[in-house]
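Engineer: Each chain, letter by letter, is given below.
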Amino acid sequence: MYWAMVRLGTPALWHLLRMYVGHCAAQRRTARKLWRAVRDAPTAAEAPLLRPITEHLHEFEHAALGLQPGASPTTQGERITVVHILGSGEVLYSPLPGLRALLRTAPALAQHRHVVMDTPHHPAAYLGPMEFASRAFQALRPLLEAPERGPLLLVGLSRGAVAAVELAFRAAERTGQPTAALCLSAPTRGDIEWPASVRDIGLLEAGADAALRLPLPGFLRRFRRARFRHAYARVTAGVYNELSLDNEEMLALLARHIRETSPERTCLRALREYALLGRVSDAELRQGFSDFAARAASEDLVRLTFCWGTQDVWMPHARCRQRVEESLNRHPGADARVTLHSLPGWNHGIARQPEQDFGPVAALMTSACNWLQQPSQKCEGSGSDDG
Amino acid sequence: MTDDEHAAEDLDSLEGIRVAFARRFEGYDRGYHALGEQVMKRYYEADGQAKPASAMTFRNFLQGKTSLRDPTGLLLYFECLGADAPQMQRIRGTLQQALDRRIAAPAKQPALAAFRESDLEQMPYSRALAECEAATHFEAHTSTPIAAVAPLHYLLGPGCKRDAGPDRNNWGLLQHMDAVQRFLEDLELKLQDAFAAAAPSNAAERRWLAAAAVREAGDAYAAYLLRFPAYAELMLSRRRHILHGPMPEKERQVAIGSVKRSFRTLYRVFERFAQEVVLDGDRKQKARTPDGEIAMEIVGERLMSAVQGFYMTTVLGSTGTGGLFAAMQQSRREFADEPLKGPAGWSGDHQALVDTNDSVQRRARQMVEGNARVRYGEVKRLFETQDDSFFQHCYAVWHQDFGQVLVRQTGTLLAGELHNRGQLSDREVVAFYKFFLTSKDGLRLHSARHQPSLFDLSTSD
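For the protein sequence lines, the chains are D and R, in the order given.
Heads up, the first sequence is in my numbering, so the first residue is 1 and it goes up one at a time.
Heads up, the second sequence is in my numbering, so the first residue is 1001 and it goes up one at a time.
To be clear, the hints were calculated from the coordinates, so they are not data collected in a lab.
Keep in mind that a hint or two might mislead.
Cβ-Cβ distance ranges computed for the label pairs, FRET-style [to be verified]: (1) Thr-175(D) <-> Ala-1098(R): 54 to 64 Å; (2) Leu-216(D) <-> Pro-1339(R): 48 to 58 Å; (3) Pro-147(D) <-> Ser-1458(R): 35 to 45 Å; (4) Pro-1339(R) <-> His-121(D): 50 to 60 Å; (5) Arg-1444(R) <-> Phe-219(D): 34 to 44 Å; (6) Gln-1366(R) <-> Gln-138(D): 46 to 56 Å.
If we take Cβ atoms under 8 Å as the criterion, some of the chain R residues that face chain D in the derived model are [unchecked claim]: (7) Asp-1167; (8) Arg-1168; (9) Glu-1293.
Chain R regions said to be covered by chain D (calculated; three or more residues, Cβ under 8 Å) [claimed, not checked]: (10) 1187–1194; (11) 1245–1253; (12) 1263–1277.
Heads up, the beta-carbon is just placed ideally off N, CA and C, and yes, glycines get one too.
Input sequences plus hints: build the corresponding full structure.
Structural biologist: Here's what the structure looks like:
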C-alpha cells in the first residue's frame, strides 16, 4: 500500500505543484481570500441556509433566498418544485448568490419551492456518465414519490445540465407528470479541449484516493486533513476565479461549506468530478443526445431549454449548440419541445454570477414554469432563439 | 368378425363407431327391439350407467339419421354387441367428446365467426378487435403462449393502460420492460458499488470484479427469463398478436427507449470489462471511441444472444417434443461416461430435464386416455407442477453450459472485435490472449463470480 502511495502520490504531487505554479496571480489572490475566509470562522452561530429533505436533497430556507421569513409570495398557479442540480466542483451553497439575484429580478419565482440536489459522494457515481445519471436518479426518487411535490423543474449547470436532461425524461415516464428542464452550459461534446485547470485537477484523483486509504496515526491524520482542506480550497479558488465566480458572497459561502464538511470527503468528490469530465467520450455524449432527441420527438410531458454563455471560457458554445441542433434535426418533431438559446456576456457559470443581467435567465425560467402550470400550452419560440 | 377385424375398427370418431357397429349388428341374430330389451335389462341390473337411448334411436344412429342429443345413451348397445373393455373405453371417450362439442357449439359459433378469414377482413377494425377478444380470453384460461389481440394490447396489456397494476397477467410489453429495467438497474447499482469499493490502484481486484460482473449480468438475465417466462415470450415470440394494427407512437417510442436503456445498462458491464481486462485500464480511452463503442455493442449483442439462445434451446427446447434440446446435446449425452480432458458435458440436471419432460408427457397421455371425463384443470396442473423443478434444472444447465464460459467468451470476443476495429494492435491482441487464456491470473478471471449473487428476483414480484 505504501508503494502504491508512492507510485500514485508522486505524480499527484507533481500535478499539484504544476497547478499551483500554473495559477495566475488572480487565482492565487482568490485562493488567499478563500483561505482567510475559511480560517476566520465567525464567532456567532450562522443561520441555517438549508433544510434537509433527504440525504441528497435540501430545501433553501426563505431567509437564505433573501426573502422575509413568514412572507409568502402570492401564489399564481400550482407551486412548482425547482431542483437545482450542481455542476462539477460546486457545493450545496453554490446556487445561492445567483438564485438571490434571480428572485430579485423575477419575484414571482419565489413562490416556488427551491431544492438543491447534492452531488453523490459514492465513488461508483464517477465510473462514467451513465453511472452518474443512475445515482442522480436514485437521489431524486424520494422527491418524485412525495405527494406534495407538484410539477417539477430541473435546473442543471454544466454536468448538472446533462443529468437534468436524463432525469427529466425518467421523471416524466415514472410519474406521468409534465417535467421541464433548464439546461445551463450543457457540455454536449467530449472532443473539446478542457482547460489545464480541469485536466490537472482530475489527475489528482488517484493519488488522493490512495492517500485516503492509508492507515495513519492520529497526528498524521490531522495533517492529512489539513492538507486536503488546503488543496481543496486552492483548486476550488482557481476554478472559481477562472469562471469569474469569485465574488465576496460566493467565497463566503464556499468558506462556510469547507468549514462545515469533511475536507477529505469533499475534496475527493471534487477531484472525481473533474476526472469524470475528462473521461467522458464524445461518442458517448453523441449517443446520449441522439437518444434524448428521439425521446423528445414523441414525449409530450417534457420540455427542455438549453442555453450557453457566449463568453464561456471552458466550452465552445457554438459547437455545443450545434451538437444539439444536429440531434434535433434527425428526429422530426423534437424541436417542438426543445429550445436553444445563447446568452451574451455569460461565462460558463450561468445563473451563478449575481452581477450579471438575470433578465434573460429569469425569462427562460418563468417560461418553463408557465408551461408546467399550463401543460397544454406549447413552449414559445420553438426551435432556436437568441438572447 | 375376427379379432383382427375388431382391432381395425375405427372407434375414435362417431362415423367410425357407426360403421363398426353397423357391421357388428349385421352379425347379431335378433332385431333392434330385442336388442333394446336386452339393453334395458342390463341398465336396470347395473348401477350408475347412463340411461340408454331407445332401440329406434340406436337404429337411426346406425343409419345415419339421428343427430344424437346425448350419444352416451348408446353405450350399453355397444356393450351388448360385444365391445370389450378397451374398446368401450375408447367408445366412451369418443361419445363424450361428441357430447361436449354439442354443449360448446352455441358458444363456439360466435367465437369462430371471427376466424372465417374473409369475414374478419371485411369487418371494421374496431369490430375485429371485439371479435378476437373472445379468443384471447380463452387463451388466458388455458395458459397457452400469449397472443394479444392487437399491437395495442401487446404493447399496453389487455386493459390498454400504462398503469396496469401489479398483476403481471394484465401487463403488456411496456410494463414488462419497466420491470426488467428496474431489475437490471438495481443489479447495476450493486455491481457499481462493488467495483467502486476496489482501490483504483488495485488493478487485479478491479479485473476480477469486472469479470464477476459479466458473469453476474448473464446469470441475472437468464434467471429473469426463467422466473418470468411471459416476458421472454413477449420479446421472443413471432406470434405476438392476432390482428395486424397500429401501435400508439408515443408508447412505441417509450418502449424503444426502455429496451435501449435496459441493454445499455447490461452493456455497461462489458464496457468495464473491456476497460479493465482487455484494455488494461484503458488510459488511451479506446473503449470510448466510436469504434470502441461499436465493438462493445456487438459483443454485448452476441453475449445477450447467448442468454436468449439458452432460452430457446434449453428451456423451450426441452419441452414439448424435447427435440431441440436432444439435438443440441447429442455428443455430450453420448460421451457422458467417457473420461474427458475438458469440462463435463452431460450432468444430472441435463438428464433430469429429459426425464421430467418424458414423465409429464407420459402422465398426460395416461390421464386423458384413461379417463375421458378427466378435467382440463388436472391436466393443466400436471404441466404447471412440472415448472418448479424444471426451472431449477434449467438454471443449473445455464450455469454449466453457458454461465461458466461467459467470461471467457466475453474476453475473446471483445479482444477480437477491438482488434478488428483497429483499437488493439496485433501485438496487443496476442499479448491479451496469452494473458487471458494461458496465464494463472487470466484463468482465474474465467471463474470470477459473486457469491452469493447480487441480484434479487423477489423484489421483481
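Engineer: For each hint, tell me whether it holds in the structure or not.
Structural biologist: Hints and how they fare:
1. Thr-175(D) <-> Ala-1098(R): 54 to 64 Å: Holds, since Thr-175(D) and Ala-1098(R) (Cβ atoms, about 57 Å apart) stay within the stated range.
2. Leu-216(D) <-> Pro-1339(R): 48 to 58 Å: Hint holds: Cβ distance 57 Å, inside 48 to 58 Å.
3. Pro-147(D) <-> Ser-1458(R): 35 to 45 Å: 27 Å, violated
4. Pro-1339(R) <-> His-121(D): 50 to 60 Å: Holds, at about 55 Å.
5. Arg-1444(R) <-> Phe-219(D): 34 to 44 Å: Between Arg-1444(R) and Phe-219(D), where Cβ atoms are some 41 Å apart, the hint holds.
6. Gln-1366(R) <-> Gln-138(D): 46 to 56 Å: Taking Cβ atoms as reference, Gln-1366(R) and Gln-138(D) lie about 54 Å apart, which means the hint holds.
7. Asp-1167: Since chain D brings no Cβ nearer than about 19 Å to Asp-1167(R), farther than 8 Å, the hint is violated.
8. Arg-1168: This interface hint is violated because 19 Å lies over the 8 Å limit.
9. Glu-1293: 5 Å, holds
10. 1187–1194: holds (count 4)
11. 1245–1253: holds (count 4)
12. 1263–1277: holds (count 5)
The earlier numbered hints that this structure contradicts are 3, 7 and 8.
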